[in-house]
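Colleague: Given next are the chains, with one letter for each unit.
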Amino acid sequence: MIDYFAEIWNTFNSMLKGMAITFKTMLKPATTVQYPTEKLVPYEGFRGALLFDAETCISCNLCVKACPSYCIQLENATNEETGKKIAKVAWYSIDLGKCNFCRLCEEACPTKPKAVWHSLDYELTFWNRDEMVRCWKKGFDFVGMYFNRKEKEFKKPDGQVQIQTVQQRFIY
Amino acid sequence: MTESATEEKKPKLKSDQMFVNLGPQHPSTHGVLRIGLTIEGEIIVKAEPDIGYLHRGTEKLAEIRGYHHCVVISDRWDYLNAMGNNMVFCMATEKLMGVEIPERAQHLRVLMLELNRIASHLLFFGTYGIDLGAFTAFLHAFREREMVLDLFEKVCGARMTYNYIRLAGVMKDLPKDWLNECQEFLTFFKERLVDYDTLLSFNPIFLDRTKKVGIVSAKDALDWGWSGPNLRASGVDYDMRKFEPYSSYDKYEFEVPLGKDGSCWDRYYCRVREMHQSVRIIEQVLGGLPEGPTLGRGVAKVPKAKPGEAYAAIEGARGDLGILLVSDGNSSPYRLHVRAPSFVNLQILQEMLVGQKMSDVIAILGSIDIVLGEVDR
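Chains as they are written, first to last, in our numbering: chain A, 79 to 250; chain B, 237 to 613.
You may find that some hints are simply not true.
One side only, chain B facing chain A, incomplete, derived with CB under 10 Å [stated by the list, open to error]: (1) Asp311; (2) Arg312; (3) Phe374; (4) His376; (5) Glu382; (6) Asp386; (7) Val391; (8) Gly393; (9) Arg395; (10) Pro411; (11) Leu435; (12) Phe438; (13) Ile441; (14) Phe442; (15) His512; (16) Val538.
With beta-carbon atoms standing in for the labels, derived distance ranges [unchecked claim]: (17) Lys233(A) with Gly534(B): 34 to 40 Å; (18) Pro188(A) with Gln583(B): 46 to 52 Å; (19) Tyr148(A) with Lys448(B): 49 to 55 Å; (20) Leu118(A) with Leu522(B): 22 to 28 Å.
Calculated Cβ distances over 10 Å to all of chain A for the following chain B residues [stated by the list, open to error]: (21) His262; (22) Gly293; (23) Gly461; (24) Gly532.
Hints listed in this document are in silico derivations from the structure and should not be mistaken for laboratory results. From a predicted model like this one, the values you see are computed outputs, not experimental measurements. All C-beta atoms, glycine included, are put in the ideal place defined by N, C-alpha and C.
Can you make the complete structure from the sequences, with help from the hints?
Modeller: Next comes the structure, spelled out in structure tokens:
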């Protein structure tokens with residue numbers, strides 16, 4: 079009989095103790111953020127969506143070899159008069175659907191500042207599969223364009239909501 | 237367990253058998269695990285775990301990829317303890333390549349492994365509470381886990397797939413002020429560990445659900461190849477960090493928490509006490525972090541390992557995580573095999589569940605702490 083009531087008391091008591099801890103945290107400020115309206119900015123060196131700069135790239139193919147999922151492709155530009163290859167890219171593309179976000183391409187890049195680098199952008203969303211493959215040419219901005227197969231032209235990726243459009247390049 | 241012992245557990249009174257599918261999309265299976273349960277009334281007479289829903293063939297993928305690429309792949313096995321995966325692959329490859337790892341990198345590796353162990357056990361702590369109907373513990377655990385993930389984000393830029401431990405060292409040195417933040421976290425976390433015991437560990441309702449449920453004897457645990465906290469909960473004193481120290485574990489003092497009878501509660505409490513020990517190790521690492529380079533020399537951009545075999549094992553968050561690496565001298569491994577602790581720990585389920593009540597299935601499954609990414613690889 080005593081055991082029975084002791085058990086009831088124990089259970090009740092432990093519940094009170096648990097509620098006391100809950101009550102303590104109730105008065106503290108919230109640790110969560112209301113995501114679509116409030117946004118967290120990642121720390122320096124976060125591995126977000128890849129950006130590319132066609133001007134600095136020397137078309138050395140190191141990032142293509144460094145990528146574990148083979149998501150980068152590029153083609154050398156040629157000098158129009160002589161027909162020889164020059165150290166610039168004609169086009170450069172990254173399949174962000176395949177990207178591992180591992181930073182091996184950025185580390186392999188020999189230029190300073192880096193020609194391919196991770197931005198802080200974590201809001202990487204796509205409306206369709208075409209948008210996953212970003213393409214860069216001379217004159218395209220860092221975010222790149224995608225090729226719309228229906229309309230047969232390069233378009234800006236509408237799906238990506240950019241929290242910071244152009245990122246500074248961190249030098250390691 | 238012998239055949240006759242299994243027979244004894246079955247109910248004496250025969251009734252109609254019913255087949256129940258648990259999973260693959262059940263929230264308490266922590267991923268995509270299907271268990272085919274045959275029940276008589278409330279008692280389970282047969283249990284068939286069905287795995288392979290998350291198979292990605294990473295062992296085969298590694299055979300056509302370079303050694304640097306394999307580190308990225310290894311992140312995806314046990315995604316809750318990705319530092320351990322990075323570590324064990326790098327250890328196996330370093331054995332073949334014969335490169336030296338700088339002193340500072342060794343200490344940083346231990347630091348990251350233990351932080352990751354805390355994060356992994358916190359997730360277990362939270363989800364195990366949810367499995368048994370206690371929601372508050374989950375919120376508390378995830379608040380602290382978020383802090384560990386923030387620390388990881390600052391140091392390597394990712395929250396789950398770190399790719400931080402590299403061949404012959406680590407990716408980069410700690411950022412400024414990181415050590416202070418880590419120390420702040422530890423001070424905060426040590427107080428929270430007391431709360432956890434109040435919230436869940438010694439809650440009578442939680443004790444009733446777990447204390448005498450899913451008992452595994454030390455012999456059974458060894459026979460089925462259990463390792464890690466599960467094995468130690470059954471009373472077997474075996475920890476790779478203590479008995480075959482790797483990296484710089486031999487320099488730190490810590491205890492190996494043991495359970496008594498191998499019940500669900502023992503397995504749970506073993507992990508909670510391991511978090512205390514991890515905090516102890518991290519404090520020692522922070523106290524004596526040597527200066528120096530973090531990445532050793534001698535690893536090419538496209539590295540080639542010497543022909544031969546290497547086996548490396550570490551104490552992951554779930555048990556002995558081992559890698560067998562066979563090289564034929566090329567730039568990619570000839571064969572890579574992972575001894576995944578979750579996969580081995582899961583196997584006992586088919587015998588353990590027989591004779592148990594239907595309502596205890598989740599308590600038992602949750603206490604083994606599997607990660608399906610590692611089971612299926």
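Colleague: Against this structure, judge whether each hint is valid.
Modeller: Structure-based check of all given hints:
1. Asp311: Nearest chain A Cβ about 8 Å off; hint holds.
2. Arg312: Holds - the Cβ of Arg312(B) comes within 10 Å of chain A, reaching about 9 Å at its closest.
3. Phe374: Violated - the Cβ of Phe374(B) stays beyond 10 Å from chain A, reaching only about 12 Å at its closest.
4. His376: Interface hint status for His376(B): holds (8 Å vs cutoff 10 Å).
5. Glu382: Holds, because the Cβ-Cβ distance from Glu382(B) to chain A comes to roughly 7 Å (cut-off 10 Å).
6. Asp386: At 8 Å from the nearest chain A Cβ, Asp386(B) passes the 10 Å test, so the hint holds.
7. Val391: 8 Å, holds
8. Gly393: 4 Å, holds
9. Arg395: At 9 Å from the nearest chain A Cβ, Arg395(B) passes the 10 Å test, so the hint holds.
10. Pro411: For Pro411(B), the interface hint holds, since the closest Cβ of chain A sits about 7 Å away, which is under 10 Å.
11. Leu435: Given a least distance of 5 Å, the restraint on Leu435(B) holds.
12. Phe438: 7 Å, holds
13. Ile441: 6 Å, holds
14. Phe442: 9 Å, holds
15. His512: At about 19 Å, which exceeds the 10 Å cut-off, the nearest Cβ of chain A leaves the hint on His512(B) violated.
16. Val538: 7 Å, holds
17. Lys233(A) with Gly534(B): 34 to 40 Å: This hint is violated: roughly 47 Å between Cβ atoms.
18. Pro188(A) with Gln583(B): 46 to 52 Å: 49 Å, holds
19. Tyr148(A) with Lys448(B): 49 to 55 Å: Since the Cβ atoms of Tyr148(A) and Lys448(B) sit about 53 Å apart, the hinted range of 49 to 55 Å holds.
20. Leu118(A) with Leu522(B): 22 to 28 Å: 26 Å, holds
21. His262: 26 Å, holds
22. Gly293: Non-interface label stands for Gly293(B): nearest chain A Cβ at 14 Å, farther than 10 Å.
23. Gly461: Non-interface label stands for Gly461(B): nearest chain A Cβ at 31 Å, farther than 10 Å.
24. Gly532: 16 Å, holds
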